Amino acid sequence: MHSPAPTATAAQPAEPRQYLTFTLGGEMFAVETLSVKEIIEFGQITTVPMMPPSIRGVINLRGAVVPVIDLKARFGAPATEVTRRTCIVIIELGAADDHQVIGIVVDTVSEVLEIPQAEIEPPPAFGARIRADFISGMGKIAGRFVILLDMGRVLSVDELATLSAFAERPEPALAAG
Amino acid sequence: MSTEHDDPLQTFIAESRELLLQMEEALLDMESRPNDPETINAIFRAAHTIKGSAGLFGLDHIVAFTHVAESVLDRVRNNEIALDPGLGALLLQAGDHLGQLIELLAAQGSPDATVKAGGQALLEQLEAYLATAHASPATVRAEVPAAHTGQCTVDSPRWHISLRFGPDVLRHGMDPASILRYLATLGEISAIRSITDATPMLAEIDPEACYLGFEIAFASDRAATDIDGAFEFIRDDCLIHLLAPHAPLDDYRRMLEALDKDVGMRDILLALGSLSAAEVAALDAEAPTSEAAVEAEAGGSEPAENSAKETRTAENSLIRVDAGKLDQLINLVGELIIAGAGASMVARNSKLPALIEATTLVSRLVEDVRDSALTLRMVQIGATFNRFRRVVRDVAKEIGKDIALDIRGGDTELDKTVVEKIGDPLTHIVRNSMDHGIEPAEVRLARGKPATGQLRLNAFHESGSIVIEVSDDGGGLNKERILRKAIERGLIGESQVLSDKEIFNLVFEPGFSTAEQVSKLSGRGVGMDVVKRNIMALRGTVDIESVEGVGTTVRIRLPLTLAIIDGFMVGVGNAAYVLPLDMVLECIELPNNLDPRHDSANYLNLRGGVLPFIRLREQFEIDAPPPVRENIVVVQYAGQRAGLVVDRLMGEFQTVIKPLGKVFSQIRGIGGSTILGSGEVALILDIPGLVRQVTRQSQPAAAGSTETCTTGST
Chain A
529 MHSPAPTATA
539 AQPAEPRQYL
549 TFTLGGEMFA
559 VETLSVKEII
569 EFGQITTVPM
579 MPPSIRGVIN
589 LRGAVVPVID
599 LKARFGAPAT
609 EVTRRTCIVI
619 IELGAADDHQ
629 VIGIVVDTVS
639 EVLEIPQAEI
649 EPPPAFGARI
659 RADFISGMGK
669 IAGRFVILLD
679 MGRVLSVDEL
689 ATLSAFAERP
699 EPALAAG
Chain B
-8 MSTEHDDPLQ
2 TFIAESRELL
12 LQMEEALLDM
22 ESRPNDPETI
32 NAIFRAAHTI
42 KGSAGLFGLD
52 HIVAFTHVAE
62 SVLDRVRNNE
72 IALDPGLGAL
82 LLQAGDHLGQ
92 LIELLAAQGS
102 PDATVKAGGQ
112 ALLEQLEAYL
122 ATAHASPATV
132 RAEVPAAHTG
142 QCTVDSPRWH
152 ISLRFGPDVL
162 RHGMDPASIL
172 RYLATLGEIS
182 AIRSITDATP
192 MLAEIDPEAC
202 YLGFEIAFAS
212 DRAATDIDGA
222 FEFIRDDCLI
232 HLLAPHAPLD
242 DYRRMLEALD
252 KDVGMRDILL
262 ALGSLSAAEV
272 AALDAEAPTS
282 EAAVEAEAGG
292 SEPAENSAKE
302 TRTAENSLIR
312 VDAGKLDQLI
322 NLVGELIIAG
332 AGASMVARNS
342 KLPALIEATT
352 LVSRLVEDVR
362 DSALTLRMVQ
372 IGATFNRFRR
382 VVRDVAKEIG
392 KDIALDIRGG
402 DTELDKTVVE
412 KIGDPLTHIV
422 RNSMDHGIEP
432 AEVRLARGKP
442 ATGQLRLNAF
452 HESGSIVIEV
462 SDDGGGLNKE
472 RILRKAIERG
482 LIGESQVLSD
492 KEIFNLVFEP
502 GFSTAEQVSK
512 LSGRGVGMDV
522 VKRNIMALRG
532 TVDIESVEGV
542 GTTVRIRLPL
552 TLAIIDGFMV
562 GVGNAAYVLP
572 LDMVLECIEL
582 PNNLDPRHDS
592 ANYLNLRGGV
602 LPFIRLREQF
612 EIDAPPPVRE
622 NIVVVQYAGQ
632 RAGLVVDRLM
642 GEFQTVIKPL
652 GKVFSQIRGI
662 GGSTILGSGE
672 VALILDIPGL
682 VRQVTRQSQP
692 AAAGSTETCT
702 TGST
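Protein chains in written order, with the numbering used here: chain A, 529 to 705; chain B, -8 to 705.
By construction, these hints were calculated from the structure, which means they are not laboratory data. One or more of the hints may lead you astray.
[As the list claims (entries may be wrong)] DSS-like, lysine-lysine: derived pairs with alpha carbons at most 27 Å apart:
1) B:K412 / A:K565
2) B:K653 / A:K565
3) B:K316 / B:K653
4) B:K492 / B:K470
5) B:K392 / B:K316
6) B:K492 / B:K440
In this text, all values refer to a predicted model and were calculated from it rather than measured experimentally.
So here's chain B without its partners, still in its complex pose (with noise of 0.2 Å):
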């Protein structure tokens, strides 16, 4: 058991993870709904099932934490007490400290001193709110004994449990023994019988299964709930049987019907105290006296099984895979789109229609497949939005400003190595916002805004791409703060004119921060270019957007996935080549006039503009003579604007990206390599790093023509 220990522990913290961010979540809720029932269970059923699972684990420090939690959150959930904001900010605190405990766990480490006062803190606080409690497991069950008045109840002041373990318990990872070792910390097991009637032959034994049954007395003066909750990971395989103190004799009639009339149960319920003598004769002699009783007692506790199986039915309809199993499923998408282009093309030469109608076919269904099996890499931006309703809170209550955040286009989907990478330049941009952007409270008023400051977040797909945005109603950028600092640090020169697109976006140049005081959230100008390098990498663009006074978007735009770019192809001698067709501007042919054997400047006049250009035959030393005809397309990255010399243009197609693997890790100038239809591989050219890489050649060579290549096409 204990090698297979490790992999449910990982589940269980993935799936702890998980909900404690849906209970973060429902916190942030209730600021807004307070004493919404649903959202209070949602709370509580996510501290029970970390309780409950952490204590399978034997991760005593964390159950007992979480057990404090969720008695407090019992109590709310039964109106005893309100969640007010205090109250709520308590277990948001509880809520993150369950969150450090979890991440140790994963980092294998244990809580040091200052975590374990952290959350002993904390369990002080919460407390407070259970001073008045105890009596409250009481009532509850109170609740189920008196519907039975009238009927004959047994004497025996303890709990009867019957376990029959399924014999796949073992195989799910989930120890009989350590469910004991739970079930004893919840209160006291008085008396304890194995049944092992069950197990066969030895012959017959496979020792996976699990044979295994229990009868327990125990006593306890716990909710029926928190007991029942022990068995919350096995009740799908196992027969389980929960008698309360004082239960009526009907119920243990059946039970030892369910038990198939064993009748050496009789001498163990006996045994163990459950029954008396007197007792285990009544239930022979009384038939069961009301169906009526009988259905009532069924219909009390079906609803509550009804809505357990309902949460569990829609967690069922979502699979849990492997991230490398999709990895592999999009790379065989990706080479059954290339093998199917081939197909078309030797179908196109044959010439015969059947064959051209079959390949069609085939070609759009592969077309479908691959669109579906994108989907699956595709998750809602929601989940990382709603992170920041909690950022925004905080960030908020800490710079004393009173800012609302309005989520929209929470259900548009994206590529999930793209959202799990767009979280940290978002958290920037959305600091900044907070920070810089809206103004505190008595500057709006004097402004004529209203005083609770908007920030908004949207998501939405434009042409392919998906475009996330961060807007507020704050101050805007200053453009002459901005052009003064940029001027100031040298970034631009003093009589350079720049359109206000080119102006807000010096914000993200290395070593800019236009903050005339420096916070501790933001304002030492380390950002920005981070935020614009990390959202280059995946190439995507940020812009912005402002007017002075009003407010300003932050605009990123992303591609919806990374395993598929749409491209342009171009021909160098008999080498095809692929430019990401968002890079492209334009196609110019190349003037004759600079022919290369009498002119060796590598610039051009475009529309008045200078424009410098790569001869790729030279750059990549590709030997074939060059047609009559070059063309020169146009590329534009951040801000620059390049032409490449190119013999033909072979326009626009999808490709599939294929990395090139270690052989090539230390090429500049090329990004990765797709293959053609026709099965010849074909390699993408990396814009940025051939520039970069024509300029470092340029310079040392001839000083003169630097300029050109670096600073000529802003």
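Just chain A, with the same shape it has in the complex (with noise of 0.2 Å):
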């Protein structure tokens, strides 16, 4: 579950990697395309209610039900506003036994790239705005650098669904009269 942040790194120096880029907050961040399943348009939605903002609710991909996390909550901003270039990227995760299909919400796709291992920096220990863990490298494009996230550990489902676990309980306790 956890694919450990050197997979990006570590393995065949010489392959450069394709990466999808898209923006949040104005920011870029890309991800692996071998991860990537396909990009749908921000379509209908249906909240889970009792649920962290960071989980957004599950929509239906052709007769699958899969859940989509709102990223820019994740990361511990406000929650995405929709607009009409809004899009969920939905990803895969993990080996066959545990498969797991999740969505995320992000502002625009930008572009795939290819991005050479030279030009892949380590994450630096602070500063990123985000946890250090969600980020696999930093990567040169055209001198600007794009954060090149770990899916694996962003999407987590056992973090994910601790946070539920957690989200219903203090809430409600304040609303409930």
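If you follow the hints, you should be able to join the two separate chains into one complex; please do so.
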């Protein structure tokens, strides 16, 4: 489940990997295309009650019910505002026996880029505004840095499940009168 | 080969379990109808097949044990000994022991000392029945040569076996070497020649095909069926000739004809010692003498072959399918329903009559497909019920009561997963009935009932669910005693007035047991609440009906399938939620005077009773403003009633349950999801979970209001 952070940096230094870049609150991020299943328009989404803001809800992906995570909220910022260009990137995680399909909400999807290993720096210890363990590396594209996300960590199912368990208690306790 | 060994082994294990069940069933049948030849044959066949397959896998301990049991059965079959209750019980134990060996095999263990000792003890008892049997194979065999007296027979005292393996033998997971090994356990292979004529040129060899053949001279005093049994699994693919000792020369001639008159064969037969030089010469000289003799011979062997074929075709009409594939099919059908509903909606909106008509037809067909896909998972409950014949028999013996089991509705079908999970709760109920329900014979006679207690298992379909009843004609439940106990345990207050049904249902409360004395079987009070929990987990209900002195009926009601539920859809704000329809009692309008802005109490007066309710809007923190009129759906589960305040009532519909996945594994109050015709996802509410959650929230917050939520509605 926790695909370790070094996967992007350690294996096969010669092969440049392809990354899908997208923006989130004006900042650019990228995920490896290997884990991207498809990109769909932000459409009909069903909110699941009693969930933390980072768990946006569920969608119907051709008959499968897929959870959708609000990445911005997951990174600690307010939830994503939906615009005309908002998309859901469907991510596939895990091996055959522990297979998970999860959608993430992003502001805009940019392009697919090849980033050679030489252009990838290790993640900074601090200063990136998101948790260091979410970052698998910093890719250099045209002199700018792109945060390469470690989706195994960002979308850790165990962590999300624990989050959802915590979320249900404290909040309604105030509302229940 | 060794890598392929695993799968056939699993098949062997599964098959053996089934055969043992059949054997047990047949043995129990024998108790009521002794000496029914068909039943004896069924028992024998089961043992025989297990032995044969075990031999193929080189499981010598199973072969050795089964062989003795099979020999005893063979004597029974030949009417040499009678199957009396003593032998029946012994064979049942032998079946259990075999089951144990098979389970050990499944768990990849090997039998330990106690298992071995148990097996040895059984073997000794079984062998007692064989003591005079050693002559029997000879008597069986004697008939065959007798039929050919007057014809020219060969001198060889050995069997001659001619094997030509079919090309697919290896692909079917059979190993010629293991067949020979098994053969060697039945006697002595005195001479053998490999026949490799069929092998093509190197370039044309298919490495997975088998081109081998053997000619074997075989010394054994076993019956023809035993030896023939060695080829049980390859008979369909292979050319097999089994010639008895002193077989007529004609048989050899026919065999040679079948083998394309291979000239080399004569030398081989000579070399193996199956035929003498003179006999080989006679073989060529003598034309088939009488067609009639050939006919008679053919006629003699045919019936046996035919009956074997028949059983095989019966088996062929059943296909073993991986349960995963079935699940996938049902998932796909679920999607088809959803997609179909979407298409119908588009068609209706388009107002094109032709399109509407076409989609209506498609929807109807899709529904048919769904129904038949669901029936694929349906199995008859009879097999589960039949297991209880053994349970009832053993338990009755143990507790010294005379109890007859009456099984009805065994052909009622229900979902396989449900069948698998209902076994344990049912066992518990049956044991309870036998132990506490049915009185000892003296008491029964004193009460004017027949001495034999009646226990009945019944199953039938009723309005989309299956009902399973366990009834006994025993003493019934004592209401006074239940009430006293419940008050003693603090389950109810002393002044509480309960209906009969509510009183009986108290026995499902945790820690409840009215048995005066705790027996080995039941009475420790750990059972009935677990029974109820298991049944609830299957979305079922359980009820008790009882008349004191006359008997008790425990009635379990289960949904036909776990994949689809009848749902009732409600709307709150923009969201739609689905409730299981069987939990919905009624719908009422929320009285206006209960405006949340003025009154924070979450209960109302429903025809004189207190009905606590949950405002879904608040509970789910839905922002949309409430409509002018809100509704309450009154739901009931486990005897508790609660209200759910919603905006809209959207009616009932059938829905395919989709699990929410791991991310939501910790969620309370939501049981799953379903996809509506519009493509939207609707959440299915888990009412017990929701009520528990609200109850928990209100406990630390407002101690005073706890009462209304937890106990007010009983």
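Here's how the hints hold up against the structure:
1. B:K412 / A:K565: 37 Å, violated
2. B:K653 / A:K565: Between B:K653 and A:K565 the Cα gap is close to 19 Å, so the pair holds against 27 Å.
3. B:K316 / B:K653: 22 Å, holds
4. B:K492 / B:K470: 10 Å, holds
5. B:K392 / B:K316: 46 Å, violated
6. B:K492 / B:K440: Distance ~26 Å between B:K492 and B:K440 Cα, so the pair holds.
Taken one by one, the earlier hints fail for this structure at numbers 1, 5, listed in ascending order.
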